[in-house]
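J.: In order, the protein sequence lines correspond to chains A and B.
full-length UniProt numbering numbers the first residue of the first sequence as 1 and each following residue consecutively.
full-length UniProt numbering numbers the first residue of the second sequence as 1 and each following residue consecutively.
These are calculated hints, taken from the structure and not from any lab test.
Check the hints yourself; a few may be wrong.
[What the hints assert, rightly or not] Cut-off 20 Å, straight-line C-alpha distance, at most; resulting in silico cross-link-like pairs (DMTMM-like, lysine to aspartate or glutamate):
| # | chain 1 | residue 1 | chain 2 | residue 2 |
| --- | --- | --- | --- | --- |
| 1 | A | 206 | A | 49 |
| 2 | B | 135 | A | 184 |
| 3 | A | 225 | A | 193 |
| 4 | B | 134 | A | 193 |
| 5 | B | 136 | A | 234 |
What follows is the residue order along each chain.
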Amino acid sequence: MSKLKLFAILVLSMATSAQAHNRWILPTHFSVSGEEQVWIMADVTASNETFNVDKPMGSDRFSIIKPNGERARPSSSFRGHRKSVVDINLVEDGTYKMFLDSDVSYWTSYEIKGKGGTQWLRNTSKANRDAKLPKGAKNVNTLASKSQVMTFVTLNAPTENYRLTKQGLELKPITHPSDIAQNEKAQLQFVFDGLPQKGVEVEIIKDGARYRNNLDALKLTSDQKGQISFTLPEAGRYLLIAEFKKSQKNNPLADEMGGQVFFTFEAVLN
Amino acid sequence: MIKKWLFLLVVQFFVVSKAQSSEIELSINLAKQTGEYHNPYVAVWIENDEGKSVRTLVLWREGAKWLKDIRTWWRKVGRRDSALVDAITSATRPAGDYRLNFKASDDQGKRLENGNYTLKIEVVRENGGRAIIKKKFSLNGQAQTYTLKATPETNIATFSIKE
């Protein structure tokens with residue numbers, strides 16, 4: 001890869017990530033025990049400071065897949081000025097997948113004389129961009145982006161509740177999320193449109209970013225099998241951010257398809 | 001021929017009965033604490049050399065809600081086996097000395113094979129500290145005694161295999 005191309009990719013990735021904050025679902029508990037039903041709550045926020053909240057978001061799109069595969073919604077929710085909060089009742093044993101339902105969003109970028117840098121149009125696909133782009137726009141590119149903001153919560157015995165949509169970038173645990181533990185090797189897999197995806201860029205950021213000078217993000221790239229493996233020396237809560245883009249040949253709506261995964265988990269104390 | 005069989009039977013009987021007499025003794029002291037004090041939750045278990053639990057010896061606990069706080073034992077053992085949890089459950093105990101004896105058998109009551117194991121003791125107090133003690137040992141037909149270092153939750157403990 002030429003230096004120029006690498007630079008271009010870096011600029012593009014900075015430009016796209018500048019549009020959106022990190023997002024996460026942070027449950028009060030990742031693993032609970034009980035003989036009867038258990039209540040947990042979760043924060044939903046867009047923020048760039050793991051895990052200090054910043055903006056409310058998405059409690060209306062908060063979805064739960066129960067251990068038996070049924071979809072459910074939170075029992076209630078509250079949208080404050082800094083975060084949204086949901087209440088969730090866990091009744092049956094097993095692992096609950098929790099995520100924000102998201103549609104594909106289209107972003108068109110271009111450059112134009114007189115304005116420095118890359119310009120962006122929201123909700124603009126290849127199908128409707130011609131009407132919106134100014135005359136003389138250059139280097140026009142449309143990105144279809146889909147993100148998955150997710151976590152897993154387990155009541156008593158864990159189950160492998162990993163159902164995939166096979167659309168865009170998705171995370172498939174190999175190590176069960178409730179078995180990620182301090183000083184133990186954990187493995188995860190990334191798939192794109194349902195197939196193992198090499199080259200997914202991953203960052204893992206520990207809780208408490210406000211109280212240290214360096215972000216100390218663990219940076220990884222998925223291998224041939226779409227897998228990453230890591231061993232966390234400290235127990236605690238972590239945010240995993242994964243990104244991947246793929247050019248599209250016969251897509252009438254986009255030149256590139258991109259995906260982001262925001263996965264919240266804990267490394268259990270050993 | 002019959003004599004040889006009888007001899008084998010006697011030898012086998014001897015070996016089996018000897019093996020079955022193998023015992024584990026644990027002397028533990030739950031440390032006195034100052035200030036607010038809740039009896040600790042305690043789990044003691046034995047893992048084989050693959051890190052898989054073969055026997056839970058002790059589970060002193062409160063309601064099911066608190067089981068998750070015995071973090072390591074809950075993750076590796078308790079949450080996957082509610083029948084085991086029910087079978088071995090016992091109430092929490094206050095600070096003090098405890099001497100506990102067990103047969104060296106697995107959760108199903110089968111004699112533990114010779115080999116390498118790790119004894120794990122996890123002690124957790126609500127609104128207090130947590131300690132985990134790990135001690136590798138081998139079952140090899142020899143009597144042995146180990147001293148387990150003190151932690152903020154436990155004073156020096158001893159762990160013996162009696163053949």
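J.: Which hint numbers doesn't this structure obey?
T.: 4 and 5
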